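Q: Each chain is listed here by its residues.
Protein chains: 2
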Amino acid sequence: MLNVVIDRFRNAIEKRSVFTYAGSLNYWDMATGGSEKGMSFRAKLQGMLTGYSYEMLVNEQMEADLKFLEGKVDELDEVTRRMLVKTRKSYDDYSKIPKEEVEAFSKLQLEAEQVWEKAKDKADFSMFADYLKRLIEFQKKFVGYRGYEGHPYNTLLDDYEEGMTVDKLDEFFAELKTTIVPLVKAINESSVKVDDSFVRKSYSIEKQKELAEDVLNVIGYDFNAGMLKESVHPFSMGLNPNDVRITVNYHENEPLASFYAAAHEGGHGIYEQNVNTELMMTGLCEGASSGIHESQSRFYENVLCRSEAFWEYYYQRVQNLFPEILKDVSSQEYYKACNKVAPSFIRIEADELTYSLHIMIRYEIEKELFSGDIDVNELPALWNKKVKEYLGLDVPSDDLGILQDVHWSNALFGYFPTYALGNAYASQIAATINKEFSIDEKLRKGQCMEITKWLNDKIHNMGSMKKPDEILELVTGEGLNAKYYTDYLKEKFSSIYDLQK
Amino acid sequence: MLNVVIDRFRNAIEKRSVFTYAGSLNYWDMATGGSEKGMSFRAKLQGMLTGYSYEMLVNEQMEADLKFLEGKVDELDEVTRRMLVKTRKSYDDYSKIPKEEVEAFSKLQLEAEQVWEKAKDKADFSMFADYLKRLIEFQKKFVGYRGYEGHPYNTLLDDYEEGMTVDKLDEFFAELKTTIVPLVKAINESSVKVDDSFVRKSYSIEKQKELAEDVLNVIGYDFNAGMLKESVHPFSMGLNPNDVRITVNYHENEPLASFYAAAHEGGHGIYEQNVNTELMMTGLCEGASSGIHESQSRFYENVLCRSEAFWEYYYQRVQNLFPEILKDVSSQEYYKACNKVAPSFIRIEADELTYSLHIMIRYEIEKELFSGDIDVNELPALWNKKVKEYLGLDVPSDDLGILQDVHWSNALFGYFPTYALGNAYASQIAATINKEFSIDEKLRKGQCMEITKWLNDKIHNMGSMKKPDEILELVTGEGLNAKYYTDYLKEKFSSIYDLQK
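Chains R and D, in that order, give the protein sequences.
Numbering-wise (my numbering), the first sequence opens with residue 1 and increments by one.
Numbering-wise (my numbering), the second sequence opens with residue 1 and increments by one.
Calculated from the structure, these hints are not laboratory results.
Hints should not be assumed to be uniformly reliable.
Label pairs and their computed distance ranges (CB to CB) [stated by the list, open to error]:
#1 D:Y94 x R:D121: 51 to 59 angstroms
#2 D:S40 x R:V4: 42 to 50 angstroms
#3 R:D214 x D:K229: 49 to 57 angstroms
#4 R:R81 x D:E368: 57 to 65 angstroms
#5 R:T32 x D:N410: 53 to 61 angstroms
#6 R:K122 x D:K458: 26 to 34 angstroms
#7 R:V102 x D:Y91: 51 to 59 angstroms
#8 R:V4 x D:K229: 31 to 39 angstroms
#9 R:K385 x D:K229: 48 to 56 angstroms
#10 R:G33 x D:K458: 26 to 34 angstroms
Quick caveat: nothing in here was measured; it's all calculated off a predicted structure.
Glycine included, every Cβ here is placed at the ideal spot set by N, Cα and C.
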């Protein structure tokens with residue numbers, strides 16, 4: 001009997017994963033060159049696949065099987081046990097919300113994104129305000145159905161980072177604020193100026209492509225189990241560990257953008273390429289959480305590829321590809337240009353140091369939205385106030401402020417913090433590795449693969465068998481500790497800007 | 001009640017079409033550049049999608065719904081009625097064969113194709129003989145389950161060309177034999193020799209691509225509803241009318257191969273791009289049959305793009321692209337080179353005149369296989385005898401003979417005749433058009449689109465709402481009549497080779 005139920009349960013999950021795969025392929029195809037006229041059908045298909053996936057999850061058989069298996073947890077193997085926990089969460093999330101409300105919400109999301117685009121184009125938040133209000137109302141109601149512990153926002157945080165809470169994040173961001181805000185101020189007032197004029201010249205797109213491929217090879221992305229293509233916004237997509245694709249885009253005057261997009265998406269890609277293939281089609285063959293995923297992309301992008309040691313080794317290749325522009329530029333100068341601190345309005349263009357401040361602004365606002373009765377019309381003023389406080393800038397218009405991100409138009413609340421957590425996890429993991437061997441030494445010798453192998457073994461392989469905090473504990477011996485991240489930032493940027501540490 | 005059943009029935013078919021779409025996308029992705037390591041998973045996924053598609057078709061609900069609807073045929077709209085007929089056929093085909101046998105057969109097919117590849121590499125039929133024998137036995141047993149009228153082979157013919165029978169094909173091929181065999185002989189003995197040395201020189205692949213795109217535009221393929229890519233074997237794939245993709249491959253010394261692959265696949269593509277979009281997701285939004293599909297590809301490839309009139313208009317473009325090779329070659333000479341008759345061993349390399357003889361050989365053998373007890377070990381000798389008789393060639397080895405095609409290793413019996421039927425349909429359709437306006441005149445003026453529009457209206461639009469013989473009757477006013485095809489061949493090749501007509 002037990003085996004029959006396990007088989008039925010695992011088959012249902014396997015079938016769901018086929019729909020997910022088909023949906024991913026459909027999205028990939030659309031983003032990387034599907035025909036124009038085929039778009040509307042693809043959107044329809046995506047909706048249908050989501051519907052089938054829902055049907056496979058929410059039904060009486062599944063309800064009965066989940067209950068039955070929960071009564072036999074001790075008799076289940078480790079993988080099935082973890083599948084059970086994850087499926088129960090999805091089941092409850094979906095089944096507690098009335099279907100009509102889910103549909104009305106989906107419809108609103110689609111409309112809201114379109115309205116947001118227009119509002120952003122016109123830099124006019126008032127056009128979008130009412131939609132945002134209704135999206136928030138929906139999410140509040142859903143949180144009500146789903147229940148919460150401590151703070152209503154916790155339920156949403158947990159969607160992207162299992163176990164994350166407002167209490168933990170308050171402490172985390174407080175630490176960040178104490179360190180980063182004064183550091184940015186000190187850099188602004190420093191007499192040291194970083195010259196990055198040479199990375200704003202014209203870099204041939206063909207050579208940028210060559211470089212993107214090269215750096216991906218160096219860090220350990222496997223082209224036999226993936227591919228690099230172009231799309232408007234860079235992304236990575238893991239169909240399964242043998243097929244993890246990434247995209248980048250290229251602009252002639254922004255060589256660093258494509259290079260770091262490759263390193264970043266490559267980090268996501270390396271993660272998924274190295275999950276244990278035995279987890280395929282269990283729903284566990286993916287990154288453990290948004291935060292852990294982001295920790296890997298940031299690790300490759302920042303900790304490795306924005307480090308001084310990396311550029312000591314790698315700069316020669318860039319110089320050889322672009323001798324005319326870079327003949328008089330040293331690796332030190334190039335390294336500094338890659339790390340120039342310049343507070344800016346737009347999150348996705350932010351430098352490594354100020355990036356998490358952008359996240360903090362969003363976190364604080366989201367938390368307030370779900371705490372009380374803040375009026376959406378007050379949001380732009382609130383946003384601008386925080387930008388002034390943390391980044392020292394006056395926001396001139398909503399498109400450079402509160403309207404810049406697509407996330408809220410999709411009611412994606414609770415996601416932003418995972419970007420900052422990813423940065424912090426990356427530093428914490430780096431500190432652990434440095435206890436075993438020096439990352440910088442490996443980088444200086446071009447031995448990136450040894451670092452990648454370490455990550456494969458300790459983190460990538462287990463997929464989402466463990467929760468993010470369990471992984472952190474297992475790998476680094478302690479829970480989230482922001483100090484590794486703030487120390488790393490202080491050390492690095494004090495040195496570049498010649499500040500007293 | 002009726003509407004409830006209709007909705008349930010159509011929803012099931014719609015869901016099947018989503019699986020088909022996902023499978024097609026998966027295949028496309030694999031054929032046009034999917035990662036190497038991802039292959040095995042893709043094959044597994046394809047199998048799972050086929051399984052789900054089977055489950056959506058063969059179940060008690062569907063059985064009950066089919067019966068119910070068949071009792072209310074007069075109350076159904078035209079589309080649902082046609083869906084019912086097509087679904088009933090698939091349902092019976094699938095449900096009459098025991099599931100274990102289907103699975104054993106699928107497994108054998110997979111193995112057989114691998115064995116066939118090796119046997120072909122070694123040019124040794126004996127390696128493959130036993131597999132072929134077992135595949136034939138399976139198909140015979142299946143025909144037994146499924147039933148047949150007249151001749152057992154009829155059931156297989158009907159799978160690809162609804163309504164086609166041995167009686168009709170015997171008559172058809174007899175007519176072809178009487179005309180083509182002596183024509184080929186006369187050409188071999190003719191003193192006229194066609195020079196095609198200039199199409200065996202080195203043609204830049206980039207320019208071949210340009211030309212392929214250009215000819216596709218000229219004949220009316222819509223790049224906004226499709227794309228042209230490369231794959232090892234050219235193919236076309238219609239996901240839906242707004243997304244019909246084609247592939248070609250390029251070899252430096254074979255400019256005609258890529259050009260005619262583009263015209264051929266373009267013909268398939270134009271067909272599917274112009275099916276009425278209201279038929280999407282009904283299972284009817286595709287070509288009416290393999291033969292009708294092939295008639296469209298052959299129409300564009302041969303009737304249009306291998307005609308003298310076409311080259312009068314189009315040759316200039318080719319000459320401009322390759323001035324060094326073609327500066328002293330006239331359009332007449334180029335036209336003749338495109339139509340050089342040279343009996344050869346390999347079907348897919350055959351010229352227009354001898355092509356259907358290759359099909360006749362396969363048809364005659366398949367028919368015998370399903371009539372009686374022919375020993376598979378006798379097949380190579382039988383094959384070689386027919387090649388000698390129809391093409392005048394001595395087959396030197398099995399890879400150039402009976403092992404050349406993949407079809408039989410997949411137990412694809414009954415499919416080959418549709419290639420010859422396509423040729424004949426194309427000529428019959430051309431004769432009808434010529435009664436309304438002169439195809440050649442349009443071609444000389446570069447007005448291909450007017451011909452394409454005619455085909456859109458009369459044939460493409462209806463998808464598979466009608467059977468092939470109904471379409472032929474509707475469009476040309478009569479059933480299959482081989483004379484149009486044989487007259488066309490006599491006329492064209494007598495003129496090129498200066499024979500008495």
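Q: Which earlier hints turn out false for this structure, listed by number in ascending order?
A: 2, 3, 5, 6, 7 and 8
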